[in-house]
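A.B. asks: What follows is each chain in one-letter form.
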Amino acid sequence: METVILIENLTKFYGKYQGVIDLNFEVKEGEIFGYLGPNGAGKTTTIRSILGFIKPKKGKIFIFGKDIEKEGYKIKKKTGYIPGDLALYENLTGMEFLKYMANLRGNVNWNYVKELSERFNINLNQPIRSLSHGNKQKIGIIQAFMHKPDLLILDEPTLGLDPLMQYEFYHLISEVKREGKTVFLSSHILPEVERICDRVGIIREGKLVTVESIDTLKSHAFRELEVHFAKPVPKEAFSELPGIKDLKVEDSIIRFKVVGSLDAVIKTAAHYEIVNIISHEPSLEEIFMSFYSGEGK
Amino acid sequence: MLKNIFLKTLKDKRNSLIWWSVGISLTIIFYMYFYPQFAKSQILLFQLTKMYQEIPFVKMFIGETLDFTSPEGFINAEFFSFMGPLLFLVFALSFGSDSIAGEEERKTLELLLANPIQRWKILLEKFSAMSFSIFILGGISFISFILGILIFEVDVSLLRLLEALLSLCLFSILFGTLALTVGSLKGRKGLNIGFSSTIAIISYLLNSLSFLADFMKPYRKFSFFYYYIGNDPIKNGLNPAHILVFLVSIGILLALSIIVFEKRDIAV
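Same order as they appear, the protein sequences are chains A and B.
Mapping of the first sequence onto our numbering: residues -8 to 288, in sequence order.
Mapping of the second sequence onto our numbering: residues 12 to 279, in sequence order.
Hints are computed from structural coordinates only; laboratory data are not their basis.
Heads up, a few of these hints could be off.
[Stated by the list, open to error] Example chain B residues on the side facing chain A (calculated, C-beta under 7 Å, incomplete):
#1 L13
#2 K14
#3 V33
#4 K118
#5 E121
#6 N126
#7 P127
#8 K228
#9 P229
#10 N250
#11 S260
#12 E273
Note that the structure is predicted; figures quoted are calculated from it, not measured.
We put the CB at the ideal spot given by N, CA and C, even for glycine.
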């Protein structure tokens, strides 16, 4: 498989924004690559470097094998982009804005634009200034996808979308994946990345912590569970189960972390009368900690 | 109007251009209406001459020599010495400073750059839209002068008038380009309006102060005002060397802005 994005030793600091330090990774053709990190970790700095908006202090970036320093504008024929901090021309309508972008870019099939606007349920005849944040985001999505680019670079694309529209967006991603396109998507939401990506790069304070397949990430990831029983249960029944950590028993409530499969825990718990099960998704910070401390490996 | 950046920029500036045209046109027709009455009034002329001798400061606003009796002299004093350049400059500076810095501050520059377009091309299209709009203002001014001349029967050479307006347009484009260049170096609109107007004011003072004090005369050549009106184009026509100064300066500024803009980071 061809390498679509290749980043070598990228280092960049600018202004008051979080820089990135010595980044190295690659994204293969047809891959949905998640770029995961908390706000202010350097995700946007990486993405703006890839698009050539800011110039690396050190290092090189190649897209489709071409050096972005030399052939940046040609590469953009094959890329689509949603900025993290999307700003549109407020004085235009959605339709006018998309027409303008389509004219600047060329190669836009207008039927596809119509199809996308129907799918995302957006009225393109309204002036952009009157639209909600979520609706502006939809226009941002359409302009990134409308020319069917080979590579999509999406900076927090689901920001401001309601759950139904998020679902539609995930659907769109799986469609372009089937067509063999490559997607580079940044997010600070773990379940989103787990749901749509093949591989994940985790960035924290400007440094790439790890690049893993989603399956590996999931096996590292732990969940915090709280099970409420009808009667008190013996601690020993759970303490020896595989993957269990930090077990606490208070009368009829047990609390613990579990890494990997939940199967053994659920089967054991099923021997007693269960009132309620509460699951907490780990925060990104907790996942980072598990990578740092080697917890769960 | 959304075919390219040039047309889109004109569309954005359409209302502003219309209002400036109306304003400038009314100003010109008002002056032309005033002239025949003024020329007849010997008392007014006498008083003005006296004022001119007693308060040299006035020269800064109406030109070096007092010539109110000829229509050319009148138009020069009333329009080309102060009011005309002021109106044209404000338009050019706000247009130029908005070109790159405005898009950058509104964060729409990223959207343009995400398309397969080179940065220099964005810059040149913005520059062309600005120059085109300034020439439109020049054209509207010319038509207004012709109307005034016809209605109020003023005798002025249309060719010379055209030359003076061309000089005014080049002068304004230069300052608009300066604002655009400062914007392409650093995408902050306020900063570049401030900087460019300061240069314009210094330029104006360098030229006008030389009317008041002889020791200032050599410094006139550092002022773009001198190249704009020093040759008195409405009487003597354009001086090719002065035109060249404008064209070369505009060229240098554009080249500089392209070189820097191609390499610099776009602000978030």
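A.B. asks: A separate judgement is required for each hint: does it hold in the structure or not?
C.D. replies: Hint check results:
The interface hint given for L13 (chain B) is met, as the beta carbon of that residue sits about 4 Å from the closest beta carbon of chain A, less than 7 Å. Hint status for K14 (chain B) relative to chain A: holds, with the closest Cβ pair at about 5 Å, below 7 Å. Of the supplied interface hints, the one on V33 (chain B) is violated, with its beta-carbon coming no nearer than about 21 Å to a beta-carbon of chain A, more than 7 Å. Because the beta carbon of K118 (chain B) sits about 4 Å from the nearest beta carbon in chain A, less than 7 Å, this interface hint is met.
For E121 (chain B), the interface hint holds, since its Cβ comes within 7 Å of a Cβ in chain A; the closest pair sits about 5 Å apart. This hint holds: N126 (chain B) has a C-beta 4 Å from the nearest C-beta of chain A, less than the 7 Å allowed. For P127 (chain B), the interface hint holds, since its Cβ comes within 7 Å of a Cβ in chain A; the closest pair sits about 4 Å apart. Against a cut-off of 7 Å between C-beta atoms, the interface hint on K228 (chain B) is violated, since the closest Cβ of chain A lies about 47 Å away.
Checking P229 (chain B) against chain A by beta carbon gives a least distance of about 44 Å; that is not within 7 Å, so the hint is violated. For N250 (chain B), the shortest C-beta to C-beta distance to chain A is roughly 41 Å, which exceeds 7 Å, and the interface hint is violated. Restraint check, S260 (chain B) versus chain A: the minimum CB separation of about 28 Å is more than 7 Å; hint violated. The closest approach between the C-beta of E273 (chain B) and any C-beta of chain A is roughly 10 Å, which is over the 7 Å cut-off, so the hint fails.
Going down the numbered hints, you'll see the structure goes against 3, 8, 9, 10, 11 and 12, while the others check out.
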